[in-house]
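2 protein chains.
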Amino acid sequence: MQDFPLTLDQFLRHAAKWHAHAELVTAHEGGEPDRIGYAALMDRSLAVSAILSDLGVRQGERVATLAWNSQGHVEAWYAIMGMGAVCHTLNPRLTAEQLAAMLDQSQARILVVSADLVPLARQVAALSPGIARVLVIDGPAPGDWHLATALEGLIAGASRDVPWGGFAETAPSGLCFTSGTTGAPKGVTYTHRSSYLHTLKLLQTDVMALSGRDSVLVAVPMFHANAWGLPFAVPAVGGRLVLPGRQTDGANLARLIASAGVTVGVGVPTVWLGLVEHLEATGGELPSLKRIIVGGSPLPPALMERIEQRLGVIVQTSWGMTELSPSGTVAPAGDPVRDAGLSGRPSVGVDLLLTDADGVALPDQRGTEGHLRVRGAAVIDRYFGQEKPATDAAGWFPTGDLARIDATGNLMITGRAKDLIKSGGEWINPAEIEALVGALPEVSLVAVIGRTHPKWGERPILLVETCDAIDDAGLLAPLKGRVAPWWMPDAIIRLDAMPLAATGKIDKIRLRIQHGGG
Amino acid sequence: MQDFPLTLDQFLRHAAKWHAHAELVTAHEGGEPDRIGYAALMDRSLAVSAILSDLGVRQGERVATLAWNSQGHVEAWYAIMGMGAVCHTLNPRLTAEQLAAMLDQSQARILVVSADLVPLARQVAALSPGIARVLVIDGPAPGDWHLATALEGLIAGASRDVPWGGFAETAPSGLCFTSGTTGAPKGVTYTHRSSYLHTLKLLQTDVMALSGRDSVLVAVPMFHANAWGLPFAVPAVGGRLVLPGRQTDGANLARLIASAGVTVGVGVPTVWLGLVEHLEATGGELPSLKRIIVGGSPLPPALMERIEQRLGVIVQTSWGMTELSPSGTVAPAGDPVRDAGLSGRPSVGVDLLLTDADGVALPDQRGTEGHLRVRGAAVIDRYFGQEKPATDAAGWFPTGDLARIDATGNLMITGRAKDLIKSGGEWINPAEIEALVGALPEVSLVAVIGRTHPKWGERPILLVETCDAIDDAGLLAPLKGRVAPWWMPDAIIRLDAMPLAATGKIDKIRLRIQHGGG
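Protein chains in written order, with my numbering: chain A, 4 to 521; chain B, 4 to 521.
Simulated from the structure, these hints should not be mistaken for laboratory data.
Errors might be hidden in some of the hints.
Far from chain B, by Cβ distances over 12 angstroms, these chain A residues were calculated [stated by the list, open to error]:
id, residue
1, Pro36
2, Ser56
3, Gln110
4, Ala129
5, Gly146
6, Ala254
7, Glu280
8, Pro304
9, Ala336
10, Asp338
11, Arg348
12, Ala360
13, Glu372
14, Ala393
15, Arg407
16, Glu461
Under 7 angstroms between C-beta atoms, here's a sample of chain A residues computed to sit facing chain B [stated by the list, open to error]:
id, residue
17, Phe7
18, Trp21
19, His24
20, Arg216
21, Ala239
22, Val351
No experiment lies behind these values; they were computed from the predicted model shown.
Backbone N, C-alpha and C define an ideal beta-carbon position, used for all residues, glycine too.
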């Protein structure tokens, strides 16, 4: 059989040749979205490769991006990865100090930055002397910064004569630091092969079931875990790739969905809550939308029902991690039973194992809670720059999640091992309390954290954001008889807005700082 | 990222663990179908590996099968491939002499054979002294043949302790000789990697869109081009794999579809013609059936309409070749326009090129007829045992097909270069005439071949199998004004039954012998 390296440039190449006029659409603040066909996109992306090559970028070198979901960012991705360099995505919601620490690890010399992030980029560059050049996308470069040049001005005159591919498929393609909601960020290196195989997985009917007839809104950021691989998967089938730019609030998403005929939306639960609230307030309808794929944090059943009812869509739950490229499991759209608490079954190429706290496999892998380990073609082997494997001796990666697997093989994440609360020497699992309270229709978002306690060490407290009136007794009612009495939260704190981390997940670190009494 | 070799044992492993009770169903003549879950299937298949290992089978060695689509054949496949041996599938519709010539190439020592094919196997073994052992599946072994043992009697007592996988993903997994409807058979070697990637392609929504909720009738033989890869793809997603055994006539298929709740049927057009004729005669209904995927030979538009109307299904056309593992293109089920003459677009990992007769790329790749070349992850590099590449210098495999690609990238096969008729020094393309006549609702099957002619060299003649009365003028009417006058067939020959080759395609070699006057 023919040699066919699994390199990521293949996706845009294929789109440019076979779906030349299928579009990438980027929301444009205060105007109609920008649109470009894949053939033109590839042409521009080749130009960016040539520009990077002129700047001395070589295979294996990290090139950083600090940017929103936009056409320019996609062009930079394919340009960097296509020529064999490594795309190091930076999260604009982190501090300059955090970003500088990551750049210190990756040693990137060149930074691609969205125009409105230039102020942050300046702070970062001041802390990162290794940054030698800043290429501005999504707008003009500031006149008063000698490092910065607008990429747009260079594209027309650039050569297109830079080879894409031609290196080993196991070469690194991307670098992303973990979200760090429960610890210090660590770098995950993706390879062309792992992201290629991950893409093929997403395209399966029982996973994301993406088609050339779909218009896919990517409301998950490109700076986090490859935007779940969608900038690869959507062009691969010639679908429409729809990017929100900076704004993922309900009003902007509703406008973009309508104008780009979005059929599938992908994002964390809080994004869809914002969209539903906007539509509830304004009374709009989005008839093109057929499916919403959620992940990244637990989905309260009431929110799932609200999304399905208000938007007239099927909600697919999923589970993943930065270390998994990031998709681990996705509930198929065609499953007759949909359950907010279940995250689907693994598809071939992903395997799951439940262990005890010491990593010993549980004798019964079904119906019992255990520590979740995972193995697969797009699962981390070791963190960036580390000698030590991230896996156990048998090759399994310990996720830090607690989980059950039901009789039909569906995964239910039951908590984070690090979130467990130790009260009087016994463990309380906040996720179980969160799931029960989160099922109340009045509750939008819920979190349970441990608050330090002089006698018990820690005691659970309940933090809620509600969408309808409900008293404290009502909030605690679902727990009666379903958790041990000593699991009952000591206090209820009502928040106007639950704090969210840079990735859209509930920021438990901030909750612990503000309310944990530590 | 973790090391994850793309070996075919992964599919059954995954099915056994995550879809343990999903079933393989085999039609059983004169009774209810046999059913087995994937976990039990894997257990039995491991036993077969152990039996083969005891017989001295080693990695890379060819083991031959001469068998119908049955559970025992699937067990043998995974047993052979899982342990790293190479499964050489033999076509029971060929002669003993042809099969012995293939075994002479593959040097297989062990032959797995369906019980009712033992008489043929004896003839083959008599011509192939290298065959040292015959393992009989699908029934008892004959008492009077010292080489033959029933595999079933060995399975219960066999060990299961044979490692699967653990070799390079580029290791060979299968060997299949081309159908030879237009020339001498040549061996195609599949590798684990190529068939794994081919499987992931089939699972895409815009390709075969297979799901764990599907029950898939594999009416394409396992002895030809991996049964289009379905014995890998269906377990991979935990779908029901439905095998017809020997009988693929309309009555048997209808019974099997009803009893196994088949949702997707895959086979050559003549198989579905048989099913439709059976239902038209008996008045039955098959409400579970949703899609029919056809390929292997051109589909007359009238037959496509008849299948869709009578079965209430969507027909997906496709194009492939043994050398392509075999899927090249498939028309997506969701495409709003379905056209019997179009075969869909290539999905990522397959690329197409149209050239002139000398292999030079046509300047315009859209809307012009050319010689079709193909490149991809599951496309042949060189034939079995040959030094010479099967590809051109740029890595393209010349298919021998003539084709057009329309503005939206859809492939239209317009003929076989070898089928072209040379009349008075000019070329006539039989496929164009066949497409026009085949569009008549009265015509079931049609073929145009060249008949030797003292003056013109060759002249076209038309051979038809009709389902309704139509006179000669009616048969030729669609050609008037649409082909050159000298393309009009010199004669019309009406056949009660069009001769079919071993793969279900129209046997043009036989037609030429019987009617070509050569």
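Do the hints match the structure? See the list:
Remark: the non-interface label on A:Pro36 is consistent with the geometry, its nearest Cβ contact in chain B lying 23 angstroms away (cut-off 12 angstroms). Every CB of chain B is more than 12 angstroms from the CB of A:Ser56 (nearest about 24 angstroms), matching its label as outside the interface. Here A:Gln110 stays apart from chain B, with its beta-carbon at least about 21 angstroms from theirs, past the 12 angstroms limit. The non-interface label for A:Ala129 is consistent with chain B: the shortest C-beta to C-beta separation is roughly 34 angstroms, beyond 12 angstroms.
For A:Gly146, the shortest C-beta to C-beta distance to chain B comes to about 43 angstroms, beyond the 12 angstroms cut-off, and the non-interface label holds. No Cβ of chain B approaches the Cβ of A:Ala254 within 12 angstroms, the least distance being about 31 angstroms, so the stated non-interface status holds. Consistency note on A:Glu280: stated as away from chain B, and its beta-carbon is indeed over 12 angstroms from all of that chain's, at 31 angstroms minimum. At roughly 23 angstroms, the least C-beta separation between A:Pro304 and chain B is larger than 12 angstroms, which holds for a residue marked as non-interface.
Its closest Cβ contact with chain B, about 9 angstroms, brings A:Ala336 to no more than 12 angstroms, contrary to its assignment away from the interface. The claim that A:Asp338 lies off the interface is violated: its Cβ sits roughly 8 angstroms from the closest Cβ of chain B, which falls inside the 12 angstroms cut-off. Taking the minimum C-beta to C-beta distance to chain B, about 6 angstroms, the non-interface status of A:Arg348 is violated against the 12 angstroms cut. Once the 12 angstroms rule is applied to beta carbons, A:Ala360 is consistent with being away from chain B; the minimum gap is 23 angstroms.
The beta carbon of A:Glu372 is kept farther than 12 angstroms from every beta carbon of chain B, the shortest such distance being approximately 19 angstroms. With a least beta-carbon separation of about 9 angstroms from chain B, A:Ala393 fails to lie farther than 12 angstroms from that chain, contradicting its non-interface assignment. The Cβ of A:Arg407 lies farther than 12 angstroms from every Cβ of chain B, with a closest approach of about 15 angstroms, so its non-interface assignment holds. Chain B leaves A:Glu461 outside its interface by the beta-carbon criterion, the shortest separation being 35 angstroms against a cut-off of 12 angstroms.
Using the Cβ-Cβ criterion of 7 angstroms, the hint placing A:Phe7 at the interface with chain B is satisfied: the shortest such distance is roughly 4 angstroms. A least Cβ separation of about 5 angstroms between A:Trp21 and chain B falls short of the 7 angstroms threshold, and the interface hint therefore holds. The criterion of a C-beta within 7 angstroms of any C-beta in chain B is not met by A:His24, whose closest approach is roughly 9 angstroms, and the hint is violated. Interface restraint check: A:Arg216 against chain B, minimum CB-CB distance 6 angstroms, threshold 7 angstroms, status holds.
Annotation: A:Ala239 was flagged as interfacial toward chain B, and the flag holds, the nearest CB pair being 5 angstroms apart, inside 7 angstroms. The interface hint given for A:Val351 is met, as the beta carbon of that residue sits about 4 angstroms from the closest beta carbon of chain B, less than 7 angstroms.
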